[in-house]
Amino acid sequence: MAEAGVKLSLDQKIQTIRDGFEAFKRADLKAVGELFTDDAVWHGRGSTKFGGDFKGKEALMGNMAQFAQTFQDIRLDIHDILANDKHVVALVNSSVKRNGKTYDDKQTFVFHLNDQGKTTETWVASDTELLKKSLES
Amino acid sequence: MADARTKLTPQQKIELARKAIEGTSRGEVNPERFSRDVVMRGSLMGEVRGRDAVVAALKKMPTMFEEFRQQPHAILADDDHVVALINLKVKSRGKTVDAQQVLVIHSTDQGEVTELWAMIEPEALKQIQSR
Chain C
1077 MAEAGVKLSL
1087 DQKIQTIRDG
1097 FEAFKRADLK
1107 AVGELFTDDA
1117 VWHGRGSTKF
1127 GGDFKGKEAL
1137 MGNMAQFAQT
1147 FQDIRLDIHD
1157 ILANDKHVVA
1167 LVNSSVKRNG
1177 KTYDDKQTFV
1187 FHLNDQGKTT
1197 ETWVASDTEL
1207 LKKSLES
Chain F
28 MADARTKLTP
38 QQKIELARKA
48 IEGTSRGEVN
58 PERFSRDVVM
68 RGSLMGEVRG
78 RDAVVAALKK
88 MPTMFEEFRQ
98 QPHAILADDD
108 HVVALINLKV
118 KSRGKTVDAQ
128 QVLVIHSTDQ
138 GEVTELWAMI
148 EPEALKQIQS
158 R
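Order-wise, the sequence lines are chains C and F. All letters in the first sequence, in the order written, are residues 1077 to 1213 by this note's numbering. All letters in the second sequence, in the order written, are residues 28 to 158 by this note's numbering.
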């Protein structure tokens, strides 16, 4: 993580997000949490319990922990990550299991990072109908 | 149009995508921008294969609604992909639906589109399709 006042390059921002996914993969939610500002907002889509806005690090990490507890064999494989000054976009092939069934999706995560590489806002574009179906199973 | 051997920069691909998105909202689609065997997978149109079919589907899109406006919020590119984050406004039977759309474009080094994914949140899509 860059020191306060040091502006991260696009490659560094991409690496920060890549590190975040790696931390999630090894269930290191503490490391994931360090990538967000205290007042970060997570915009989930759809009408399930994972949809809507989660405001503040505590709320969004709670949402993430609940997701990890709801599904098994969660795989988030990064297909590509792109960045510009305002956004980092991760194209992710995802797979989760619940009650013996596997659900595959192609998800897009859009992150706003500040110059120090902390995430201030996240949007998730995913198949919310599939998510709903998986929760009903 | 770049020379056949000229590799476009990500910035050039971004500009091509921006013009193409603006054109699509007006029903203007340039067939030369697509490879002959292009595949489009979209929330609104399903899977469409081949240049002629994709161009026809993209031209048809704005005619399906009273208003169909794709406003790019941001377009990013690297060597492999162009990703457009779009604020989509669709008006049908007097009702307007605002949705966020993500376009993921695979293109050749010369900017010819080989694969196009156009994703709209399914629940917003339902509202659009129920009009």
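To be clear, the hints were calculated from the coordinates, so they are not data collected in a lab. Hints are supplied without guarantee of correctness; some may be wrong.
Calculated cross-link-like contacts (lysine-lysine; reagent style DSS-like; alpha-carbon spacing at most 27 Å) [said to hold, decoys possible]: (1) K153(F) / K1209(C); (2) K86(F) / K116(F); (3) K116(F) / K1106(C); (4) K1125(C) / K1106(C); (5) K1177(C) / K153(F); (6) K1125(C) / K46(F); (7) K46(F) / K1162(C); (8) K1083(C) / K86(F); (9) K46(F) / K1208(C); (10) K34(F) / K1125(C); (11) K1162(C) / K87(F); (12) K153(F) / K122(F); (13) K1083(C) / K1125(C); (14) K1182(C) / K1209(C); (15) K86(F) / K1162(C); (16) K1194(C) / K153(F); (17) K153(F) / K1173(C); (18) K153(F) / K1208(C); (19) K122(F) / K1162(C); (20) K46(F) / K34(F); (21) K1208(C) / K87(F); (22) K1209(C) / K1083(C); (23) K1209(C) / K1173(C); (24) K1106(C) / K1162(C).
For a quick check of understanding: which of the numbered hints are violated here, in increasing order? Those not satisfied are hints 3, 6, 8, 9, 10, 11, 13, 15, 16, 19, 21 and 22.
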